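Which chain is which? The protein sequence lines are Z and C, in order.
Here the first sequence is numbered in the numbering used here, starting from 44 and rising by one per residue.
Here the second sequence is numbered in the numbering used here, starting from 44 and rising by one per residue.
Keep in mind the hints are simulated off the structure, nothing from the lab.
All of these numbers come straight from a predicted model, not from anything done at the bench.
Take these hints with a grain of salt, some might be off.
A pair counts as met if it fits within one copy or between any two copies, since identical chains are not told apart.
SDA-like cross-link-like pairs, simulated, lysine to any residue; straight-line CA separation at most 20 Å [stated by the list, open to error]: (1) K112 <-> G84; (2) K112 <-> A78; (3) K112 <-> D148; (4) K112 <-> E175; (5) K112 <-> G77; (6) K76 <-> L163; (7) K76 <-> P61; (8) K160 <-> D119; (9) K76 <-> K112; (10) K71 <-> P138; (11) K160 <-> L137; (12) K160 <-> D173; (13) K160 <-> G146.
There are 2 protein chains.
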Amino acid sequence: MALPITPALTTDSVIYDPAGRVLLIRRKNEPFKGAFALPGGFVDIGETVEAACRREVREEVGLEVGDLKLVGVYSDPRRDPRGHTVSVAYLTRLPRALAPTAGDDAEAAQWVADWRKLTLAFDHAQILDDAETLARRLAQD
Amino acid sequence: MALPITPALTTDSVIYDPAGRVLLIRRKNEPFKGAFALPGGFVDIGETVEAACRREVREEVGLEVGDLKLVGVYSDPRRDPRGHTVSVAYLTRLPRALAPTAGDDAEAAQWVADWRKLTLAFDHAQILDDAETLARRLAQD
């Protein structure tokens, strides 16, 4: 019973500090080289999507994240020029604005107050927009 | 830029009728042959996860579903004996308890009032539990 070939699975994380700033990287590699992006990457076989999310954050910005809230699943076949990728996006909060350390696929990493002024990779502007909606709902619960 | 090999992507749907019953199939094939399960299946390259969800419902129970609400993403590497599959689960409601037509991977399809009394395939009991939590929250919005 071999498994069929399906879209490649990725994960992205929207990390907020207590001031509501979001942690973005600048992409070191294509596609979208030089653009701002959420920390994230491909899910390995044998790890949960949540574990992949934590691993990618550790590798790209050197931070440990705790509780993950599901923002959405992004699967437009045109969202990634490399081929069909599907991203599972999570929201997480850090208790302090810890200094990130850019690694792996990240040329730089920084806390950003207004991501709407930036050029973002992939559909990350949509993910950030949806994360803000979720954050508002969670604040009301 | 070839894409890496990642877990296989699937989708499952929790379909409610106005009485709160859920539409389940009996699996025709292994794994979990004969067990009750949510309609669902693998996502094709080139289709969104939502489109895959609608297609699988059409193929397995012969019904068209409308608005899809994201229930969760299920990615435990042990959830499927065939290998690592990740399922994106959606909740949807039908305005009437339309009669299903079992097709494809389904030996039978029926509306079920109390799924907790049944043996369910995969982690579908967990998905149904999470869908009930989401349905309660949506009813309060």
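Hints, one by one, checked against the model:
{"no.": "1", "hint": "K112 <-> G84", "result": "within (17 Å within a copy, 25 Å between copies)"}
{"no.": "2", "hint": "K112 <-> A78", "result": "neither (25 Å within a copy, 31 Å between copies)"}
{"no.": "3", "hint": "K112 <-> D148", "result": "neither (24 Å within a copy, 33 Å between copies)"}
{"no.": "4", "hint": "K112 <-> E175", "result": "both (12 Å within a copy, 18 Å between copies)"}
{"no.": "5", "hint": "K112 <-> G77", "result": "neither (28 Å within a copy, 34 Å between copies)"}
{"no.": "6", "hint": "K76 <-> L163", "result": "within (10 Å within a copy, 46 Å between copies)"}
{"no.": "7", "hint": "K76 <-> P61", "result": "neither (29 Å within a copy, 50 Å between copies)"}
{"no.": "8", "hint": "K160 <-> D119", "result": "neither (24 Å within a copy, 38 Å between copies)"}
{"no.": "9", "hint": "K76 <-> K112", "result": "neither (28 Å within a copy, 34 Å between copies)"}
{"no.": "10", "hint": "K71 <-> P138", "result": "neither (28 Å within a copy, 50 Å between copies)"}
{"no.": "11", "hint": "K160 <-> L137", "result": "neither (23 Å within a copy, 42 Å between copies)"}
{"no.": "12", "hint": "K160 <-> D173", "result": "within (17 Å within a copy, 37 Å between copies)"}
{"no.": "13", "hint": "K160 <-> G146", "result": "neither (24 Å within a copy, 50 Å between copies)"}
Comparing the model with each earlier hint shows violations of hints 2, 3, 5, 7, 8, 9, 10, 11, 13; every other hint is respected.
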